[in-house]
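Residue numbers (the working numbering), protein chains in the order written: chain A, 365 to 473; chain B, 2 to 118.
Just so you know, these hints were derived from the structure itself, not from any lab.
Treat the numbers as computed from the prediction; the structure is a model and nothing was measured.
We treat Cβ as the ideally placed atom computed from N, Cα and C, and that holds for glycine.
Each hint should be verified, as a subset may be incorrect.
Below 20 Å or equal to it, Euclidean Cα-Cα: the simulated SDA-like pairs (lysine to any residue) are [unchecked claim]:
1. A:K406 <-> B:P62
2. A:K460 <-> B:Q60
3. A:K406 <-> B:I13
4. A:K366 <-> B:S59
5. A:K460 <-> B:A68
6. A:K406 <-> B:R114
7. A:K460 <-> B:A55
8. A:K366 <-> B:E45
9. A:K420 <-> A:S384
10. A:K406 <-> B:T116
11. A:K406 <-> B:N25
12. A:K406 <-> B:V90
13. B:K79 <-> B:E15
14. A:K460 <-> B:E15
A few chain A residues facing chain B, derived, Cβ under 10 Å [stated by the list, open to error]:
15. L410
16. F459
17. A465
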Amino acid sequence: QKEVEQNSGPLSVPEGAIASLNCTYSDRVSQSFFWYRQYSGKSPELIMSIYSNGDKEDGRFTAQLNKASQYVSLLIRDSQPSDSATYLCAVNRGFKTIFGAGTRLFVKA
Amino acid sequence: EAGVVQSPRYKIIEKKQPVAFWCNPISGHNTLYWYLQNLGQGPELLIRYENEEAVDDSQLPKDRFSAERLKGVDSTLKIQPAELGDSAVYLCASSLDSGTGGADTQYFGPGTRLTVL
Chain A
365 QKEVEQNSGP LSVPEGAIAS LNCTYSDRVS QSFFWYRQYS GKSPELIMSI YSNGDKEDGR
425 FTAQLNKASQ YVSLLIRDSQ PSDSATYLCA VNRGFKTIFG AGTRLFVKA
Chain B
2 EAGVVQSPRY KIIEKKQPVA FWCNPISGHN TLYWYLQNLG QGPELLIRYE NEEAVDDSQL
62 PKDRFSAERL KGVDSTLKIQ PAELGDSAVY LCASSLDSGT GGADTQYFGP GTRLTVL
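Extracted from the complex, chain A is given alone in its bound form (with noise of 0.2 Å):
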C-alpha cells in the first residue's frame, strides 16, 4: 500500500463545473496536508494547505481534511481550462513531505 494514494486519472470535467480530487493516506500521525499543481513540464506549486479536520476555503479551492477516515480532498469550483494540471497531494509526516503520484485534470471548453 502506497502511503499516499491518488486516482491517476485523468478526470475530465467541463468548463464551469466543480472538480473533486481525492487522495488518502495512511500514516494516522500524519499532520499537515498540501496539494500541490503541477503543469506539464514545469514544477509543483502549493495552492492548499490544511492542517485540521473540516474544510478551508480559498477563492475558487477548497480543500477538506478528515482524519479519522485518512483522506483529504480539493475542491475547484468554476474549473476553468487553466486548471488542466496535474495535482499532487503532499502529507507531512514531522519534516519528511510524501507526495502522491498525482491526478491529471483537464477542463474542457
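Got chain A sorted already, so can you dock chain B onto it with the hints?
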C-alpha cells in the same frame, strides 16, 4: 524576490558518466530539499538540509549519489557514475523554518531534466 534557481535545465549524458546539478535557494531559506521525480509520479525526497547539515538523507543512494551544501546556501547534487535508471527530473526546493514542525511551504525550482543514454 527571486525564486529557487537550478542549473542546468537539461542534461544528456552517457551511462557511467558523472553529472552534477546546482541549486540556489530563495534568499534566507534555511531548509533545502533535493527531490527526484519520475514521469507520472510525485516527487520523492532524496535529501533535506537544515542550513549546512544533512538532516535526512535516508533515501539518497549513497553508493553513487552525493550532495553538499557548503555555507548553508547553494547546494550541489552529484551522481557518479550515472545509470540508465537515473533518467528523471531532479527538483530542488527550499523553505523557511518558521517553527511549524515541518509544515512550512516548500518552493520548488524549475528542475533539471536528466537523460542517461
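Hints, verified against the model:
no.	hint	verdict
1	A:K406 <-> B:P62	violated, 25 Å
2	A:K460 <-> B:Q60	holds, 11 Å
3	A:K406 <-> B:I13	holds, 19 Å
4	A:K366 <-> B:S59	holds, 18 Å
5	A:K460 <-> B:A68	holds, 18 Å
6	A:K406 <-> B:R114	holds, 11 Å
7	A:K460 <-> B:A55	holds, 13 Å
8	A:K366 <-> B:E45	holds, 13 Å
9	A:K420 <-> A:S384	holds, 14 Å
10	A:K406 <-> B:T116	holds, 17 Å
11	A:K406 <-> B:N25	holds, 18 Å
12	A:K406 <-> B:V90	holds, 10 Å
13	B:K79 <-> B:E15	holds, 15 Å
14	A:K460 <-> B:E15	violated, 33 Å
15	L410	holds, 5 Å
16	F459	holds, 4 Å
17	A465	holds, 5 Å
Of the numbered hints listed earlier, those contradicted by the structure are 1, 14.
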